[in-house]
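Enquirer: Combine both chains into one complex, guided by the hints.
These are the residues of each chain, in order.
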Amino acid sequence: GAVVSQHPSWVICKSGTSVKIECRSLDFQATTMFWYRQFPKQSLMLMATSNEGSKATYEQGVEKDKFLINHASLTLSTLTVTSAHPEDSSFYICSVGGRDLYEQYFGPGTRLTVT
Amino acid sequence: AQRVTQPEKLLSVFKGAPVELKCNYSYSGSPELFWYVQYSRQRLQLLLRHISRESIKGFTADLNKGETSFHLKKPFAQEEDSAMYYCAIKVDSSYKLIFGSGTRLLVRP
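Taken in order, these protein sequences are the chains called A and B. Numbering of the first sequence is given in my numbering, commencing with residue 1 and proceeding in unit increments. Numbering of the second sequence is given in my numbering, commencing with residue 1001 and proceeding in unit increments.
With the rest of the complex left out, here is chain B (with noise of 0.2 Å):
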């Protein structure tokens, strides 16, 4: 069964340190895997996608089929980057998305 594991449900870091939001997942087929990111009193936004390989807010995530993961990295967290992230995984060729539990980030001045 498709399932997307992120490991911590809070991270905290100061303002500049590097930041990792690990998410792990499992899927049979060829995973399309996503970030999203929920600003407080902000509705779920999508933040990034593998397929696209882009870096966003100064956020990149690359997906690791041999590890089956797709952490999401920061060099130099900013106190705005404070939010819940959700790591999602598409199944089939619907619209589909599994996410994971979420990661509260932190970021203190």
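Bound conformation, chain A alone (with noise of 0.2 Å):
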């Protein structure tokens, strides 16, 4: 399978500023990625699906201009978390699509903190 990878794994910022999250697939060529949220002790919920080359889908109630995601390369997708607030604190989880179309390949997670 896939390696996923994501940085930073811990990231704490002031409200107001902006923070970007890379999720890279070290060994997979990935045209699709996934940008998951999950809060403690909750399950995750789909942010988007971004697609290299083109502009990311978002999930109904996720906020396009807020969470900016690009997916410019077939190894990178960002995540900038612009304007961050508290209730945006949360775990980020990037996966990646499959060969067999049947599995995703989650990164670790990156944790935000916004003070």
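Possibly wrong hints are sitting among the right ones.
Stated by the list, open to error - Pairs of lysine to aspartate or glutamate residues, derived as EDC-like cross-links and limited to a Cα-Cα distance of at most 20 Å, are as follows: (1) Lys41/A x Asp1081/B; (2) Lys1065/B x Glu1032/B; (3) Lys41/A x Glu1008/B; (4) Lys1096/B x Glu63/A; (5) Lys1057/B x Glu103/A; (6) Lys1096/B x Glu59/A; (7) Lys1096/B x Glu52/A; (8) Lys55/A x Glu22/A; (9) Lys1096/B x Glu103/A.
In case anyone wonders, no lab produced these hints; they're calculated from the structure. It should be emphasised that the depicted structure is a prediction, and the values quoted were computed from it without experimental measurement.
Expert: Following this line, the structure appears as structure tokens:
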């Protein structure tokens, strides 16, 4: 399966600032990546589908202007949380769609804390 | 709308006991279902998928379309099975997954 990394693993930022999270597919060219959000003791909620070379597809209720996604290459997708607020504090996880269409490979996640 | 329901937040069993983690889904199309597992301090990983009909780490899951269920079972639980288990359904022709709320399995010695 694909090896997926995320950077940073943990970030603290002040309210009103922006923070960028990177998701890299280390050994697999990923045309499709996914961004999830997970609140403590809750399930993963899909935020958006990131397609290489095209605009991301956002799930209902997710503000595309607040959560900017860029998938400029087959190995890198970035999620930028703009003008972060404390309620944006969460665990952000990316995944890569596998070759066989049935499996997603997940990154280790990034914990964002907005103070 | 597609939905995955895992009614139990926590399931606690003793080592060697049988375990069943429940999962029910609602989907109008032909479902593709998965179980993902997250061990402590590790990333989410695929445990098994219904189309492969295989047993992974002693776990099996059968898709019951009549009951719209995909329960995960293991006849004899081990302490190392303690983890968060998420049932998920794949929707349409993309990779998009809808996850259940998860069940924490705790296997006591």
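Enquirer: Hints first: check each against the structure and report whether it holds.
Expert: The hints, checked one at a time:
no.	hint	result
1	Lys41/A x Asp1081/B	holds, 18 Å
2	Lys1065/B x Glu1032/B	holds, 11 Å
3	Lys41/A x Glu1008/B	holds, 13 Å
4	Lys1096/B x Glu63/A	holds, 19 Å
5	Lys1057/B x Glu103/A	holds, 18 Å
6	Lys1096/B x Glu59/A	holds, 11 Å
7	Lys1096/B x Glu52/A	holds, 15 Å
8	Lys55/A x Glu22/A	holds, 17 Å
9	Lys1096/B x Glu103/A	holds, 10 Å
Going through the hint list in order, the structure satisfies each hint without exception.
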